[in-house]
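Chemist: Got chain A; can you put chain B on it based on the hints?
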Amino acid sequence: MKVSLFITCLSDIFYGDVGKDTVELLEKLGCDIDFPEAQTCCGQPAYNSGYVSDARKSMKHMIEVFEHADYVVTPSGSCATMFTEYPNVFKGDPKWEDRAIALADKTYELTQFIVHVLQTEDVGAAYHAKATYHTSCHMSRLLNEREAPLKLLEQVEGLELVSLPNAHDCCGFGGTFSVKMPEISEQMVAEKAKHVDEANADILIGADCGCLMNIGGRISRENKPVKVMHIASILNRQG
Amino acid sequence: MSMKIGAEKFDERVQEGLSDTFMRGAVSSAQTRFRNGRLNAAEELGGWEEWRNLGEEIRTHTLENIDYYLDLLSEKVAERGGHVYFAQTAEEANNYITNVVKKKEAKKIAKSKSMVSEEIGLNDALKDIGAEVVETDLGEWILQNDDVDPPSHIVTPALHKNREQIREVFHDKLGYSKTDKPEELALFAREKLREEFLDADIGITGCNFAVADTGTVTLVTNEGNARMVTSLPDTQITVMGMERVAPTWNDMEVLVSLLTRAAVGQKLTSYITSLTGVKEEDDVDGPEEFHLVIVDNGRSKILGTEFQSALHCIRCAACINVCPVYRHIGGHAYGSIYPGPIGAVLTPLLGGYEDHKELPYASSLCGACTEACPVKIPLHELLIRHREKIVEEKGEAPVFENISMKAFGMGTASPTMYNIGTKLAPKVMKPMVKDEVISKGVGPLKSWTTARDFPAPGKQRFRDWYKKRQREES
Chain A
1 MKVSLFITCL SDIFYGDVGK DTVELLEKLG CDIDFPEAQT CCGQPAYNSG
51 YVSDARKSMK HMIEVFEHAD YVVTPSGSCA TMFTEYPNVF KGDPKWEDRA
101 IALADKTYEL TQFIVHVLQT EDVGAAYHAK ATYHTSCHMS RLLNEREAPL
151 KLLEQVEGLE LVSLPNAHDC CGFGGTFSVK MPEISEQMVA EKAKHVDEAN
201 ADILIGADCG CLMNIGGRIS RENKPVKVMH IASILNRQG
Chain B
1 MSMKIGAEKF DERVQEGLSD TFMRGAVSSA QTRFRNGRLN AAEELGGWEE
51 WRNLGEEIRT HTLENIDYYL DLLSEKVAER GGHVYFAQTA EEANNYITNV
101 VKKKEAKKIA KSKSMVSEEI GLNDALKDIG AEVVETDLGE WILQNDDVDP
151 PSHIVTPALH KNREQIREVF HDKLGYSKTD KPEELALFAR EKLREEFLDA
201 DIGITGCNFA VADTGTVTLV TNEGNARMVT SLPDTQITVM GMERVAPTWN
251 DMEVLVSLLT RAAVGQKLTS YITSLTGVKE EDDVDGPEEF HLVIVDNGRS
301 KILGTEFQSA LHCIRCAACI NVCPVYRHIG GHAYGSIYPG PIGAVLTPLL
351 GGYEDHKELP YASSLCGACT EACPVKIPLH ELLIRHREKI VEEKGEAPVF
401 ENISMKAFGM GTASPTMYNI GTKLAPKVMK PMVKDEVISK GVGPLKSWTT
451 ARDFPAPGKQ RFRDWYKKRQ REES
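Chains as they are written, first to last, in UniProt numbering: chain A, 1 to 239; chain B, 1 to 474.
Heads up, a few of these hints could be off.
A few chain B positions that, by computed beta-carbon distances, are all more than 12 Å from chain A [said to hold, decoys possible]:
| id | residue |
| --- | --- |
| 1 | 4 |
| 2 | 26 |
| 3 | 75 |
| 4 | 79 |
No farther apart than 30 Å at their CA atoms in a straight line, the calculated lysine-lysine pairs in the DSS-like style are these [stated by the list, open to error]:
| id | chain 1 | residue 1 | chain 2 | residue 2 |
| --- | --- | --- | --- | --- |
| 5 | A | 180 | B | 446 |
| 6 | A | 28 | B | 468 |
| 7 | A | 224 | B | 459 |
| 8 | B | 459 | B | 406 |
| 9 | A | 227 | B | 459 |
| 10 | A | 224 | B | 427 |
| 11 | B | 108 | A | 20 |
| 12 | A | 60 | A | 180 |
| 13 | B | 4 | B | 376 |
| 14 | B | 423 | B | 434 |
| 15 | A | 180 | B | 423 |
| 16 | B | 394 | A | 180 |
| 17 | B | 467 | B | 423 |
| 18 | B | 434 | A | 227 |
| 19 | B | 440 | A | 224 |
| 20 | A | 227 | B | 4 |
| 21 | B | 430 | A | 20 |
| 22 | A | 91 | B | 394 |
| 23 | B | 446 | B | 459 |
| 24 | A | 227 | A | 194 |
| 25 | A | 2 | B | 468 |
| 26 | A | 2 | A | 95 |
| 27 | B | 430 | A | 2 |
| 28 | A | 227 | B | 423 |
| 29 | B | 467 | A | 28 |
| 30 | B | 108 | B | 4 |
| 31 | B | 423 | B | 440 |
If you're looking for bench data, these hints aren't it; they were derived computationally from the structure. Fair warning: this is a prediction, and the values are worked out from it, not measured in the lab. Beta carbons are placed, not taken as given, at the ideal position from N, Cα and C, and that holds for glycine.
Chain B with its partners taken away, still in its complex shape:
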């Protein structure tokens, strides 16, 4: 798997999503739960807007000085006995990691959740060299066992599945015979996963934040699997997107406070693990060998552009959890492991417009995402910037739209043209009007009237009424 997932055509993926009533039900109820959780947690904390401002400030400062902080981070990791590798591309990252695996002659790898590892297609690269990879995040584990179903959400990857479907996966693939009660399902997963942890030669983790001034990797989980992955195997490899750095522990604390609340409405998750370097003499556990792989894969190209704030993202999914488009089409319809508003912004930046040009349009620009973002990324504005690029730089807009918008520009910059146009509108529409509405439109109105009526233009424009009134008064 890489960043790109699902059917080739956007429309096909949307249709698939819209017709999946199970998925839509699951997504809708999860969204309500997450949204309410976030709002309650923010209220309980108090001063949420100030927290958001602080979060934005930290992320802005970090990204503006990213070279300095990455340098500091790598120096500190090295000081504590770790190896740091900067991978410019997905391929470089995968090559480095597979080489470590080969050198260690590792057979089994236990992995905790990491979106960047999905982005670079790490599991496939590991499979290709004959290593067995076990995803240990419950959601990821379910998906892996369901013939590698791609994640549909960046925090809860199996959000699109309900418990009956999860039971089915466990039953069909793993011989599970009990009910679809969450407790029974979780207990089964726990027992199975425990064996995997003990067997694993290498642990691979993602990274929520890497603290530059101490070389510490912080992992935020609710299942404790990341702690097992980092304490049982002798070798640990952590993969991080290059933007995931936080200057200090204080900054990291602010970001974690925002993350857990914005993501799942929790004050803290059950486990927040901060690891610095390799196991030292007095340490009870921890890896004997530690590798930090810092992945660029297109990120540095975003630096210095109008899209830089997209790199502020702390992957909480608050924008996804409030997006009405996501609610109806689900994560897979985006065709990227990064779905929802942040996915619609980030995916074309990392994967190019050619494969993802519809994504910036998959938004009504309602601004719910921007309002929810804990680090104040102006997501809906970035979507407009993408549209601007597609239209004005790439010239890839549909011809009809292009002509209409040129006409719009001319018509609205000239009162005479506007006057002619708005006077003409009722005449053009008249043949379609029946019982004061248009129920079957043609041309651009066709798709509108598939789902709803369109109003008939008024018999008199407002401006004509107003003019007449002025005349009568004088």
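Isolated chain A (complex conformation):
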């Protein structure tokens, strides 16, 4: 099965390992990876800040870049959500609406793709640690995917999952929100870090580099020993 990888800016620039783990994991599961090099950003930072016409430029570019793909898979619930929003952004646009719908229909967040398309829950991974999982907002509420990451994690050998208090709360990242409203964002991430602390886990797992960068940055600032990891890196750990 040919899978076109949408790596996302954060993973491309800051979290290359997440990308590597995603590639290796999908290959292990029998996928052929296609990485369209012309890909850039989904446009979310501009779109969510109200710069809709600037965002449209990157969106149109991404529609073109992935037009040939059978499946578009990305290790980010939030960026996947942005792709699925494209049809609303281009509603009524005769040139772009259908193409936006086509892209949205074939886009999957990584765990969503593994569970729903590849129909696999046990990827043969092993990781010996006590872990808690951060439910990212866009993935759970807007993409409506809550189960897939947990189903996959439950099958990881040696991984003990403990619940995160107030897991439903946003970590306070919110893209440009974190720089536009820094005082409020700070309180939100501090609260999230406190709950991570209360979970008493060795690692915090998430499926979005944005949230992980935010919570991880706070945990690092507080000198807490909790390790922050993307779910691709857990699932790619061999048993």
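Modeler: Structure of chain B alone, referenced to chain A:
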């Protein structure tokens, strides 16, 4: 008081909120209680998503035919002996009401909770003509006695106060001498308020829903004060936002079922009062004179725009009760009597961007509000629409942001530019990196690193790794 409250500057109000640890504690525990209550009540009812769909359908249909239903409502109210007045502005509404008060030579007015009356500044207008207004909702009464502290929540207006603070208000302003036990505080309030009800010449109420096909006003309360306000004084004035209409009793029943569960996690509130017209011969009680004041005050301008669904709101505050931003800054920080996500959407629509332009940004767009809304208002999307308006129509975005976003548009639409940019990033950031993180950032990273570390860019971009791997493989 009008819709706008508190300090002039948003940042100042936020700072005030963030440093009020009492308030934050009270808000946080109330949010947990309300959220759990709502989830349990929804589960107990079953088929919550279908109920939400039904609620959305009713509200959409009503607002799409609002002129028809308002017409029908006013016809039915008139048939049952009531007077209907359409007020285009706050001033018109206040003038009408104060004229009724003057005509009746009323001295004292007992009032049950009404957000729209806060919005139009009715109490001040009444005070100006020398009438005494007594708020009879417990929360509102506490705030009124605390030198008119503004409400911080649309269902539980005194949410920001804990019981020690309430005791203090009662003690300082009303001579209360007992403890801060809720039962003792409530008993004191009840005794005081009973005298007010008996003394009042006019009762003023808000309106949860007005049923168009019978001309009925429905009031949802837990304290029974609205029932006292509508049965003891001879004259009743009901003030409603023009969107508060429900076509039929069946529709009203659906909306009330959603409201009480979404607001406080109750199947029903203690009192749900439906009143139709004036007291008739066989009636034991009820007003001899009834006025329904339907307030526009900027609402009709919202009709037909991308914000129309904001008028679907049934004022349950479910969005406020799940909002993490609200939890930390509290209601007053919004600078509007309508706080939280719905307030951030509605306030700029009713009060203009100039005074409220920060509100649409006071959200991480986490979508908790949209998920909680019982009538499915896409609140976080409406916040983005506001941002779009501020940026693209009003051109009021900060210059630096504007330049960055233009650069973003150019950089992400062109692979070459993106490549240059992402290659450059590690070099630009390198001087700030220490021990693999950035702890003291400059420029846009400064505010980020005040509270947390920023990751150093990887030594190699993913795409470079991938390219190398491809080359090696072939």
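Chemist: Work down the list of hints and note, for each, if the structure agrees.
Modeler: How the hints compare with the structure:
1. 4: holds, 20 Å
2. 26: holds, 16 Å
3. 75: holds, 38 Å
4. 79: Correct as stated: the minimum Cβ-Cβ distance to chain A is 44 Å, above 12 Å.
5. A:180 - B:446: The hint holds at about 11 Å.
6. A:28 - B:468: holds, 19 Å
7. A:224 - B:459: holds, 25 Å
8. B:459 - B:406: holds, 28 Å
9. A:227 - B:459: holds, 20 Å
10. A:224 - B:427: Given that 30 Å is the threshold and the Cα spacing comes to 29 Å, the pair holds.
11. B:108 - A:20: Not OK: residue 108 of chain B and residue 20 of chain A at ~74 Å, beyond 30 Å, violated.
12. A:60 - A:180: holds, 27 Å
13. B:4 - B:376: holds, 26 Å
14. B:423 - B:434: Judged against 30 Å, a Cα distance of about 19 Å means the pair holds.
15. A:180 - B:423: The hint holds at about 25 Å.
16. B:394 - A:180: Satisfied, since the Cα-Cα distance of roughly 19 Å is no more than 30 Å.
17. B:467 - B:423: holds, 14 Å
18. B:434 - A:227: holds, 19 Å
19. B:440 - A:224: holds, 19 Å
20. A:227 - B:4: violated, 45 Å
21. B:430 - A:20: holds, 23 Å
22. A:91 - B:394: holds, 23 Å
23. B:446 - B:459: Cα-Cα ~22 Å, so holds.
24. A:227 - A:194: Holds, at roughly 14 Å.
25. A:2 - B:468: Satisfied, since the Cα-Cα distance of roughly 20 Å is no more than 30 Å.
26. A:2 - A:95: holds, 27 Å
27. B:430 - A:2: violated, 37 Å
28. A:227 - B:423: Holds, at roughly 28 Å.
29. B:467 - A:28: Answer holds: residue 467 of chain B to residue 28 of chain A is near 19 Å, not above 30 Å.
30. B:108 - B:4: Holds: residue 108 of chain B and residue 4 of chain B sit about 26 Å apart, inside 30 Å.
31. B:423 - B:440: The given pair, whose Cα atoms are some 22 Å apart, holds under the 30 Å limit.
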